[in-house]
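Q: Using the sequences and the hints given, assemble the complete structure.
There are 2 protein chains.
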Amino acid sequence: MREQPLPERIEKTAISEIETPALLLDPVVMDRNIDRMRAAVASLGVAFRPHVKTAKSLAVVRRMTGGVPGPITVSTLREAEVFADAGYTDILYAVGVTPNKVARAQRLRGRGVDLKLIVDNADAATAIAAAGDPADPLPVLVEVDSDGHRAGVAPSDAAALLGIAARLRGGATLCGLLTHAGASYGATSHAEIRRYADQERDALLSAAAILREAGHPVETLSVGSTPTALFATDLSGITEVRAGVFVFFDLVMAGIDVCRVEDIALSVLASVIAVQPDRGRFLVDAGWSALSRDRGTARQAVDQGYGLVCDATGRPCPDLIVLEANQEHGVVGLRPGSTNILPKVAVGDLVRILPNHACATAGQHAAYRLIDSVRRTVTGSWPRFGGW
Amino acid sequence: MREQPLPERIEKTAISEIETPALLLDPVVMDRNIDRMRAAVASLGVAFRPHVKTAKSLAVVRRMTGGVPGPITVSTLREAEVFADAGYTDILYAVGVTPNKVARAQRLRGRGVDLKLIVDNADAATAIAAAGDPADPLPVLVEVDSDGHRAGVAPSDAAALLGIAARLRGGATLCGLLTHAGASYGATSHAEIRRYADQERDALLSAAAILREAGHPVETLSVGSTPTALFATDLSGITEVRAGVFVFFDLVMAGIDVCRVEDIALSVLASVIAVQPDRGRFLVDAGWSALSRDRGTARQAVDQGYGLVCDATGRPCPDLIVLEANQEHGVVGLRPGSTNILPKVAVGDLVRILPNHACATAGQHAAYRLIDSVRRTVTGSWPRFGGW
Numbered sequence: 104m105r106e107q108p109l110p111e112r113i114e115k116t117a118i119s120e121i122e123t124p125a126l127l128l129d130p131v132v133m134d135r136n137i138d139r140m141r142a143a144v145a146s147l148g149v150a151f152r153p154h155v156k157t158a159k160s161l162a163v164v165r166r167m168t169g170g171v172p173g174p175i176t177v178s179t180l181r182e183a184e185v186f187a188d189a190g191y192t193d194i195l196y197a198v199g200v201t202p203n204k205v206a207r208a209q210r211l212r213g214r215g216v217d218l219k220l221i222v223d224n225a226d227a228a229t230a231i232a233a234a235g236d237p238a239d240p241l242p243v244l245v246e247v248d249s250d251g252h253r254a255g256v257a258p259s260d261a262a263a264l265l266g267i268a269a270r271l272r273g274g275a276t277l278c279g280l281l282t283h284a285g286a287s288y289g290a291t292s293h294a295e296i297r298r299y300a301d302q303e304r305d306a307l308l309s310a311a312a313i314l315r316e317a318g319h320p321v322e323t324l325s326v327g328s329t330p331t332a333l334f335a336t337d338l339s340g341i342t343e344v345r346a347g348v349f350v351f352f353d354l355v356m357a358g359i360d361v362c363r364v365e366d367i368a369l370s371v372l373a374s375v376i377a378v379q380p381d382r383g384r385f386l387v388d389a390g391w392s393a394l395s396r397d398r399g400t401a402r403q404a405v406d407q408g409y410g411l412v413c414d415a416t417g418r419p420c421p422d423l424i425v426l427e428a429n430q431e432h433g434v435v436g437l438r439p440g441s442t443n444i445l446p447k448v449a450v451g452d453l454v455r456i457l458p459n460h461a462c463a464t465a466g467q468h469a470a471y472r473l474i475d476s477v478r479r480t481v482t483g484s485w486p487r488f489g490g491w
Numbered sequence: 104m105r106e107q108p109l110p111e112r113i114e115k116t117a118i119s120e121i122e123t124p125a126l127l128l129d130p131v132v133m134d135r136n137i138d139r140m141r142a143a144v145a146s147l148g149v150a151f152r153p154h155v156k157t158a159k160s161l162a163v164v165r166r167m168t169g170g171v172p173g174p175i176t177v178s179t180l181r182e183a184e185v186f187a188d189a190g191y192t193d194i195l196y197a198v199g200v201t202p203n204k205v206a207r208a209q210r211l212r213g214r215g216v217d218l219k220l221i222v223d224n225a226d227a228a229t230a231i232a233a234a235g236d237p238a239d240p241l242p243v244l245v246e247v248d249s250d251g252h253r254a255g256v257a258p259s260d261a262a263a264l265l266g267i268a269a270r271l272r273g274g275a276t277l278c279g280l281l282t283h284a285g286a287s288y289g290a291t292s293h294a295e296i297r298r299y300a301d302q303e304r305d306a307l308l309s310a311a312a313i314l315r316e317a318g319h320p321v322e323t324l325s326v327g328s329t330p331t332a333l334f335a336t337d338l339s340g341i342t343e344v345r346a347g348v349f350v351f352f353d354l355v356m357a358g359i360d361v362c363r364v365e366d367i368a369l370s371v372l373a374s375v376i377a378v379q380p381d382r383g384r385f386l387v388d389a390g391w392s393a394l395s396r397d398r399g400t401a402r403q404a405v406d407q408g409y410g411l412v413c414d415a416t417g418r419p420c421p422d423l424i425v426l427e428a429n430q431e432h433g434v435v436g437l438r439p440g441s442t443n444i445l446p447k448v449a450v451g452d453l454v455r456i457l458p459n460h461a462c463a464t465a466g467q468h469a470a471y472r473l474i475d476s477v478r479r480t481v482t483g484s485w486p487r488f489g490g491w
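These protein sequence lines are chains A and B, in that order. If you're matching positions, the first sequence starts at 104 in the working numbering and goes up one per residue. If you're matching positions, the second sequence starts at 104 in the working numbering and goes up one per residue.
Everything hinted at is true.
Some chain B residues judged to face chain A by a derived CB distance under 8 Å, without partners named:
#, residue
1, Val198
2, Asn224
3, Leu386
Read the hints as simulated data drawn from the structure, not as lab findings. Ideal Cβ positions, reconstructed from N, Cα and C, are used throughout, including at glycine.
A: Here it is in structure tokens:
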């Protein structure tokens, strides 16, 4: 049984009575997503280190880590500090660290948090080693590039790997390797996702062999992204998997068939401001300040605009999307080329908008409103935080 | 003399010593922008009602209103409440109101705030009139569409105008007309902006004539956008002008020649995480969580990616832009087709990134760090707020 964190505020209001816009979270759907991921990772025989950057919520992450504090991945030192305050002691900061953040990282270690950093170049390694405390050296994972996506050392680049390893002494110490198949978000089949998962594994095994051959200890081999974590079949030699967006899922993940639309746990509740039947559209009170400007589905087969529009119960309206977003206005209409008919709506009607990118949409809000989909009520509220 | 609001926190730190990412605000540039706008509006002989949605900061807006509370425009009731708490009593809520917000608006009026609402359809007018308090009817401006941009009644649509006016009784009362030339953001010349300014004026005068002819009082005629407010030459018959983004300006405004790049008062300070010379790019620690996902210059002649990159002193590096943005990573490189050379940078170097859209970028941060550009110091910090 999973421990149920106490909601910070208990309510029992009909969804139809709350003020809009509001970020709704269905905890039943979320728990199902968490169970699916934890089962997938467990079946691979590796540890799970969920990423907190999507949720930025103690209550949500507590469920991701199985009801008690466990290993987590963070994208900011603020996340590390908030979770350290809540009792999390095994934290991987998975963005290449800059010299101006090392002192703060060191302070977290001084509080008894096993904070680990990542680097992908010798200059950063040198800076960390110089700024870190030799009495409590900062453990560092070297980032490896498994897919040409963003950052990391090429897995076969022995000179770069050994150059970084040589600099990780004094205030820093090498503790492992990390990779993230960000390119898996662009995959078009489960087979392609599996290939990315294999690439993550193989890239780390190659790089580890080079370092171990030279006598460097490489304990942690950390891979992951939501797609590869769910579709990997063999992670032999890997020690841990990271993933974050699976907790809520979103239209980008549905667009590559990593989840179904009904697995998306997050939506933005909005009210109709005006109906413009002659223009085939209506306006809602959720603009980019509520939805974010993320257009992650623009490159996919089905472009969902600024979000797929559902009725107030959460059932998607075919082809109905947010076509344009201003700060506090969303323009809703049918997807270009659609043969569907614009649903009849009236001023004040409620809709729910599914996010392209859960991290970005959640990031626009200060709290999750928890919903009971069966009783159509809001049952509580979980705060979330931002900043660095 | 303008009253100087006390910064909430006084500091004197070298810009090079603060942690990144951080939102920098140059108050000297901001004050110049405010002076320019206030002079432009004064020369037109109309009242100024600045929009607070860009800044969402008491300290900034206090300067926009000339050092004392004055008329303001808001985009959320939260903005209205925060400014009401600070002594602002003349507030226009310039987003079509939904029925679930009327009670809250009425409570603000009960506190002595002259809050005005807008509508552009009979259903919304009916809902406000029904929910409002006949003992203190909600003053309502009818939104008129002057440019086909988003919302509003066509200025010659007598049936629609009179239909709305007829419903504004009981809990609501007609007090004026409003329009916003959002399409002026797409103008390509000052002459075209002037035409939008004329359209704003003419649309309201046409609609006012119809309503006045039928015996309806139309006191307030409210127009505005940053481009039209700055380039209008004749606002005869108009009573007030609204504008917001001018306070900071941004690359979208520079792209239509409404300001110069050096008039942009806002930038995001970021550190170099990694240099990838073979790929002609480097990574910084400002991703979309610091920059926003706004791509407002994508449709302009010069696409600035996710922002134009400057050196640490704020001088733009020719053709250097943020090509891609992940949550906490920005990928910086030369604009496609550029013949410039990638500047030499090292890990830990600082850059400043100018925003496409000031409202969106500022919205990602909890505070403005005030800078002294001459001494290259951070001199204080002004909080900002979000939410609804």
